[in-house]
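J.: Chains A and B are the protein sequences, given in the same order. For the first sequence, the numbering used here gives the first residue as 1, with consecutive numbering after it. For the second sequence, the numbering used here gives the first residue as 1, with consecutive numbering after it.
Quick caveat, the hints were computed from the structure, so don't treat them as lab data. Note that the structure is a prediction, hence the values are computed from the model and not measured. Do not rely on the hints blindly, as some may be mistaken.
Copies of the same chain look alike in the list, so a pair counts if it fits in one copy or across any two.
No farther apart than 25 Å at their CA atoms in a straight line, the calculated lysine-lysine pairs in the DSS-like style are these [unchecked claim]:
(1) 541 - 131
(2) 397 - 422
(3) 144 - 71
(4) 30 - 239
One letter stands for each residue in the lines below.
There are 2 protein chains.
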Amino acid sequence: MIRIEEICSIIKDDIDNNRLSLSEKSELAKELNGLISEGSIVLAQANPLSGDVKGNAMKAFEWMKWAQRLKVEAVIFPEMFLVGYPIGDFIDRYPVIVEENIEWLNALAQKSRNVKVVIGFVEKNPSKTGKNYYNSVAVLANGKVERIVRKNLLPNYAEFNDYRHFEPADIDSENRIIELGFSQKAGIVVCEDGWNDEDFFEKNLYLTDPVKTVVDEQSPDYLINCSSSITRAKKEQLKHNMLSFVAKKYKTPIVYVNQVGSGECLSFEGASRVYDENGELIARAKSYEEQFFIVNPMKKQGVVYPLPDGLEKTLTEQKAFSLDHEPDLERTYLTITQSIREYFRKCGFKRAVLGLSGGLDSTVCAVLLADALGAENVLGVSMPSRITSLESKNDAKKLAMNLGIKFREIPIGDMFEVVRSKFDRLFSEIESDWNVRYKESFTNDNIQARSRGMILWGIANEFQSCLPIATSDKSELYMGYATINGDMSGGYAPIADVCKTKLFALAKWMNKNRTKKNAIPQSVIEKRPGAELAINPKTNKPLLAEEALMPYEFLDEVIWRVENLQQSMGDMIDEEFLYEKREVVSKEQKREWLKKFFKRMSTSHYKWSIMPPSPIVDARSINKAEYRHPIIASKINYEKTSFEQKLSELADDPVFVS
Amino acid sequence: MIRIEEICSIIKDDIDNNRLSLSEKSELAKELNGLISEGSIVLAQANPLSGDVKGNAMKAFEWMKWAQRLKVEAVIFPEMFLVGYPIGDFIDRYPVIVEENIEWLNALAQKSRNVKVVIGFVEKNPSKTGKNYYNSVAVLANGKVERIVRKNLLPNYAEFNDYRHFEPADIDSENRIIELGFSQKAGIVVCEDGWNDEDFFEKNLYLTDPVKTVVDEQSPDYLINCSSSITRAKKEQLKHNMLSFVAKKYKTPIVYVNQVGSGECLSFEGASRVYDENGELIARAKSYEEQFFIVNPMKKQGVVYPLPDGLEKTLTEQKAFSLDHEPDLERTYLTITQSIREYFRKCGFKRAVLGLSGGLDSTVCAVLLADALGAENVLGVSMPSRITSLESKNDAKKLAMNLGIKFREIPIGDMFEVVRSKFDRLFSEIESDWNVRYKESFTNDNIQARSRGMILWGIANEFQSCLPIATSDKSELYMGYATINGDMSGGYAPIADVCKTKLFALAKWMNKNRTKKNAIPQSVIEKRPGAELAINPKTNKPLLAEEALMPYEFLDEVIWRVENLQQSMGDMIDEEFLYEKREVVSKEQKREWLKKFFKRMSTSHYKWSIMPPSPIVDARSINKAEYRHPIIASKINYEKTSFEQKLSELADDPVFVS
């Protein structure tokens with residue numbers, strides 16, 4: 001007899017491709033019925049498309065039909081499935097989306113039978129008071145909408161905007177209980193509803209706890225949590241520990257259904273799961289894949305698929321900066337490749353073009369693109385200038401060959417010359433007007449970077465469904481070390497949330513773990529990064545990034561402390577960095593680096609605001625989808641002063657003191 | 001005797017420039033004391049800088065000292081003054097800002113005397129539960145923080161993010177009452193606290209109404225509303241009508257203190273004011289200027305400065321699309337020029353460079369920049385290609401002369417040729433790889449636009465404190481009719497929230513109302529817009545924008561209906577457009593235009609996401625500061641389908657129907 005997980009795969013394949021005839025479906029359903037036990041349910045770990053209400057409803061219908069054929073008790077979809085999450089302000093600007101999602105919900109309800117369908121949608125708030133909508137989950141059964149459960153806790157931080165669009169609903173615990181077959185009662189909560197346990201969290205964002213109320217008042221056999229919860233560094237640890245803790249605390253199993261797939265910046269890893277009443281994991285769906293996942297919570301039946309390598313080992317939260325990126329590399333790789341693939345598909349693109357400099361950033365991007373889109377859909381363009389070393393050119397070519405991507409070389413020396421010759425005359429004219437010229441400017445560096453941008457965008461304009469790629473990384477974006485309309489420019493920015501030290505680790509990891517080993521030339525991993533846009537007059541060689549900035553190991557720790565500990569400059573001066581354990585760093589040097597960091601960071605906010613979309617990977621990011629910052633930040637006081645100093649600045653008025 | 005408004009100007013001048021000696025200050029205070037009556041207060045219509053806590057505190061101190069010298073009852077600052085609004089997520093990322101604002105508040109408190117200081121700041125929430133902060137107003141007096149009032153209603157829509165950062169506080173009406181001299185009791189509300197009257201608004205966002213509670217429970221002599229409330233189309237009408245209605249309804253005067261100045265996208269017009277118990281306006285500060293504004297609410301003393309021309313006439317809300325932009329033009333002009341000036345100042349820039357095409361967009365931008373920054377700080381660059389007409393070149397030059405801005409001409413033909421020659425070979429190579437070339441591409445158009453972008457950014461790189469300007473307008477941004485790294489690219493985008501028909505009206509208005517009349521050549525206003533990037537094969541002349549898109553009068557009404565009425569495509573098909581009253585438009589033609597609009601708009605979201613900052617002007621905008629949209633929007637269902645059609649799409653499964 002074939003195993004249940006194989007059958008799930010066959011069903012998923014049929015849903016996607018309609019491979020089976022109706023009689024084959026019927027046969028399979030019969031065969032499977034022996035495996036399906038009383039109380040089995042389907043976790044519909046599915047991938048919606050924002051705003052495509054019809055497409056999402058049609059997809060749900062295919063899953064529903066399979067659940068009906070198999071005669072499971074219920075099929076459970078993620079939060080907001082019908083409108084597609086993230087949906088943002090679309091529902092306010094285009095209320096037709098909400099109207100359509102309600103009609104499609106009613107149409108699906110008409111097609112429902114004795115298998116309950118639990119599905120997230122956007123509900124209109126009929127009241128004269130409050131926001132226009134509720135974030136709700138409907139239970140469809142026997143041709144009707146049997147129940148609507150409204151979300152109580154509305155997150156509104158980082159990437160979440162729930163309270164912006166939705167009215168918080170009362171908990172109403174009785175309404176949250178659905179009867180499944182064989183006298184099982186399940187209590188429904190919606191995503192954040194399950195994230196406010198007072199014993200688990202040090203600080204609670206909300207005054208209510210729907211889980212506690214539902215369990216205390218209704219004693220359900222188990223809880224169902226319909227979620228759309230993203231992956232990011234440290235999140236799996238938190239999620240596992242929290243769900244396990246709550247299940248155990250209340251002696252109540254938890255069925256957690258999560259979305260899979262990516263919006264442009266948010267990535268959902270799936271990994272839907274079931275914890276038993278002791279907090280033990282008894283089933284977990286695959287990560288980064290749609291899955292028709294059959295479990296039986298009360299009989300503790302289910303398959304536990306592995307998490308990406310490394311995550312299991314680190315189910316405690318990382319409290320200090322570490323250069324050991326290993327535990328997060330497979331997840332990082334899967335998150336970015338899924339994001340690229342989905343962004344292209346969901347926007348209707350197929351091919352990518354990027355500049356290959358022979359440096360680390362473009363190299364890592366090329367590998368990720370090849371794996372996400374297929375090597376044949378990636379074009380790497382080497383665009384050497386006079387400064388580009390032969391080694392870099394060779395590395396670019398070698399990488400392209402190893403990956404099997406398309407490759408072209410287009411020297412940009414003549415573009416540089418024609419622009420430069422214009423500038424020579426123009427600048428001297430302007431100087432006579434303004435007389436405020438920089439002694440050392442980045443103009444020459446930037447002409448090169450922008451010439452490359454012009455070539456890549458030209459290719460994208462000329463060839464259908466092709467997007468250029470921005471290759472900037474997180475460390476350099478923090479420092480504003482990226483060229484507007486140059487390497488910062490593109491349709492997507494795969495590594496904008498990956499720091500340099502982690503990129504090195506990722507490159508090594510990919511060389512070791514991809515089917516084709518060592519695609520990245522060793523020299524790329526070994527050489528010290530530099531943009532090859534300018535010559536360092538001190539060394540007479542291309543300027544290295546660390547010469548212009550500071551050591552990456554130090555920089556990445558500053559970023560980590562800003563993002564994870566919200567430390568001020570003063571805090572950082574007082575604490576020892578990992579880098580300081582290895583290298584002697586004078587107080588003056590450290591202070592200079594920190595000052596440089598805060599100064600450059602402050603003036604980089606504008607650049608962040610015009611960055612193309614990019615996947616959130618880290619525990620926190622500068623991604624627009626989660627960080628709402630003004631740009632006029634040139635005078636933020638990052639450093640504390642004493643109260644006495646403040647008082648002394650407020651000079652009294654002697655006339656009035658007397 | 002000099003009038004009180006003149007003295008206010010002298011005081012403001014002293015605050016800014018410290019012109020007066022201490023004895024002069026003392027003299028002036030004595031002279032003014034005759035004019036100051038019992039119950040006089042100062043509305044501190046001031047302009048903070050986001051994150052510059054020290055700077056804001058030092059500024060507040062100067063105003064405080066003048067209030068003390070004059071012996072008024074109180075000096076009242078806007079909401080969030082100490083941290084500077086907008087502050088966004090800075091307070092979460094850099095909690096040092098909040099710590100500093102609390103220390104500065106305490107330092108200011110120590111310097112307070114018997115003149116009460118009412119000032120907005122960010123308060124820490126000491127509780128284990130809830131968000132980290134409160135949006136609060138402190139009352140400082142006699143060396144202490146006498147009272148803290150916390151905001152109850154936290155807006156979280158459009159440009160507002162209050163609930164993202166702040167815990168909503170109880171109303172606590174007793175705590176909101178401060179005693180001013182002469183037994184006057186004033187009740188404090190914070191901005192949105194005053195915006196939820198159940199009789200005024202058709203729909204109420206919130207369940208509570210602090211104004212009602214404070215008036216019912218405490219019967220204050222008047223209300224003080226500390227605000228940071230932006231200007232946008234139709235907002236003044238709403239604000240005036242609402243404040244007047246509420247004052248009259250409760251027979252309670254309202255003192256409304258508003259911030260002035262601009263963040264990068266949000267513009268505050270000031271126009272702080274006082275309504276008496278009959279809802280009559282008895283004082284209103286200047287618009288778009290900092291002002292030390294002395295009023296006496298109970299004695300009904302104060303000056304009513306005029307609003308920008310046009311606004312007084314239209315104190316009822318516009319319910320239908322209109323091509324009569326006149327009533328909003330002065331406000332539009334003042335909002336944009338203030339925004340430019342402030343963005344440059346607050347980011348540390350002084351000069352602007354922009355491409356002058358001789359077309360409407362760049363022309364209007366040049367005028368606005370000259371007026372905001374001073375003509376000597378603006379450089380217009382004409383960058384003709386082969387397609388550029390002689391007329392356009394002449395118009396650009398003439399405009400520059402009329403404005404007195406710097407002007408240079410740099411033909412880009414050679415840049416185009418060198419790029420184009422590269423592309424010829426490269427594209428044929430790539431075509432053999434992919435075989436998916438567009439038959440008609442925009443590559444040539446875009447090379448021209450991007451060459452211009454490269455020149456402008458080069459100038460900005462070479463000359464200190466100089467920013468390039470993006471000249472895209474709102475109509476064209478909706479249609480994605482703008483070039484990435486070309487006209488869309490820059491450090492600031494002055495007219496990104498102004499539609500084309502309004503831009504024409506604004507150009508005419510500026511020609512009539514600026515000191516120097518008719519700076520804009522008549523031909524610029526008369527000719528039909530076109531980017532002059534491509535030749536229309538049908539006419540053999542440069543392609544006109546309306547040929548590529550649709551008539552601007554129609555397009556602007558579609559945008560208006562989307563933004564103001566949230567209409568779907570179906571709604572618009574059924575309703576008559578203004579354009580249809582003048583021109584015969586077939587149903588097919590209208591449907592084609594609407595389809596084109598929704599299709600092009602959907603694929604333009606990416607472009608909006610990488611637009612530089614720009615001022616919000618219209619009633620709604622696509623500005624990132626107010627519109628949170630996903631990009632993966634290629635399949636939004638903008639058109640309704642019938643329920644029956646939906647049901648028919650959900651094909652039953654005959655095996656199971658039986």
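J.: Now, for every hint given, state plainly whether the structure supports it.
T.: How the hints compare with the structure:
1. 541 - 131: Answer is neither: 61 Å inside a copy and 52 Å across each miss the 25 Å cutoff.
2. 397 - 422: Intra 32 Å, inter 19 Å, cutoff 25 Å: inter-copy only.
3. 144 - 71: Intra 18 Å, inter 71 Å, cutoff 25 Å: intra-copy only.
4. 30 - 239: neither (37 Å within a copy, 67 Å between copies)
Of the numbered hints given earlier, the model fails hints 1, 4; all others are met.
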